[in-house]
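A.B. asks: Okay, here's what each chain looks like letter by letter:
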Amino acid sequence: MKLREFIDERIELSNLIRSQFSEYRVSERLNIFYTLGFVALAGFVVQFITGLFLLIYYIPHPQYAFQSVQRIMNEIPYGWLIRQVHVVGSNLMVAVVFLHMLSVFFMGSYKKPREFTWVIGAGMLFLTLTFCLSGYLLPWSQLSYWATTIVTNLPTAFPIVGECLADTLRGGKAVTGFTLSRFFGLHVALLPPLLSFLLALHIFLIRRTGISLPPWHASEGMKGSGHNIEGMPFYRFMLKELSIVMFYLAGIFFIIAFMPTLFLPDDANTPADPSNTPEHIRPEWYFLAPYEMLKLIPSKFLGITVQLLFVIIFLFWPFIDRSPERNILKRPVLLWTFIVVTGLWLLLTILGGY
Amino acid sequence: MERRRFLGVLLSLTSIGALGSLIYPVFRFILPQGEISTGSVLRIKRGDVPQGSFKELVLDNKPIIVIEIPQKGYVAFSRVCTHLGCLVRFDHEKKVFICPCHGGTFDLNGNVQSGPPPRPLERINLKIEGEEIVIG
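Residue numbers (this note's numbering), protein chains in the order written: chain A, 1 to 354; chain B, 355 to 490.
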């Protein structure tokens, strides 16, 4: 008690906790999908902590990277557990972020005044994928080497600047030790503070604009959260969020226990061989749709341009969709576009897996 | 020009100059250092690539393949697929190069036969000096 009083006398921490967790209220009408943002945040924290531990033993050099990862998996006590949590966690985190974006889209939560919140969130999705891409090369396995070769060759589709972009990304004409250094720096030094900054901005915007209500419960001007609304205290909603995080963690441990090779196939346990491309090399599941698209569209330039256009439209969607109607169920054209695009993405992902 | 406006313009120009002088070194630092080709040449014995067969080699860090085509002699190509950089394999029976990533195929002249590759395989210089094949 004395410590609490000591702190309170100086920085009034109790006031802050009361105003942000008890007096700040959240509507009872928020459904389970509203917890996904917090789950994604928890996923990032898990990745950050396990990543810090992996840094202790990982050696970012082509000659030692694969061995150091194998050592983590086979010799370091519980190294397998920490790496598996990092690997499985990264995949589940991408899934949660995808689901979060889909639910925000479906519930029209990107509409005024939350356009910037969407743009920052979409930016964080692409940053998360960049995290995955840069981390994928680090084990220096056959899978990681060739998947990175494919992805870093994508910019060459663009005339004039394409080659320069690809070379800058790789640090040369092919994936080498220079690429490993670049990707390592990106993964552990540049992306974490960048994502943390965007995360802080995202939370700040949510606090400024309040959480949106599902469109079928909302009426003009109603907020899902704030200091002067009816509902439960924020800490109670946070308990709901934490219980979903427990399910998320349970999912990670379920996969580690019962499907340990799900994200670590044979090629992930074979050292990189720059003179031999393995048969049927495939990127991770979240890149399968764009990968398959490149296979189906005969022109590489066209394939990449279509994908880039899709990314731009997705990123700035709130400024493209100007209709004031939030309820997607009352907008059949948008609803069918949503179903067709999501279905196509799923179909391309499944096709890419075979 | 007013003094206030002049100072504003001067400050803007100085700021742009200062920013540029910071960005340029960073930009140059990030750009890949030019890979200096060692101009190395590979010499192998003709017997290493018997009639109708092939050999995979590495020249200047680039994976290449040398093939002996009956009635045409020796040819060498880079094995890097022009689509997304995977390494092609020579299918001896079908006499085509196949990329394992997106299934692109190239004929014996390195030209695209099917699939998404946009350009033929890069041809590597090769000459015969007595009993030796000189590549590069």
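Because the hints were derived from the structure by calculation, they are not lab data. Given the structure is predicted, the values throughout are model-derived calculations rather than measurements. Be aware that a few hints might be false.
Computed cross-link-like contacts, DMTMM-like style, restricted to lysine to aspartate or glutamate with a CA-CA straight-line distance of at most 20 Å [claimed, not checked]: (1) B/399 / B/410; (2) A/173 / B/414; (3) A/223 / A/115; (4) B/416 / B/476; (5) B/399 / B/483; (6) B/448 / A/12; (7) B/409 / B/486; (8) A/240 / A/28; (9) B/426 / B/356; (10) B/481 / B/410; (11) B/449 / A/279; (12) B/409 / B/422; (13) B/481 / B/447; (14) B/449 / B/461; (15) B/416 / A/167; (16) B/409 / B/356; (17) A/173 / B/447; (18) A/223 / A/28; (19) B/449 / B/410; (20) B/426 / B/414; (21) B/416 / A/163; (22) B/426 / B/445; (23) B/416 / A/273; (24) B/409 / A/5.
Sample of chain B residues with no beta-carbon within 12 Å of chain A, all distances over it, derived [what the hints assert, rightly or not]: (25) 356; (26) 362; (27) 379.
C-beta: ideal position from N, C-alpha, C; glycine also.
A.B. asks: State the violated hints by number, sorted upward, taking the hints as numbered earlier in the document.
C.D. replies: Hint check: 6, 9, 13, 16, 17, 20, 24 fail, others pass.
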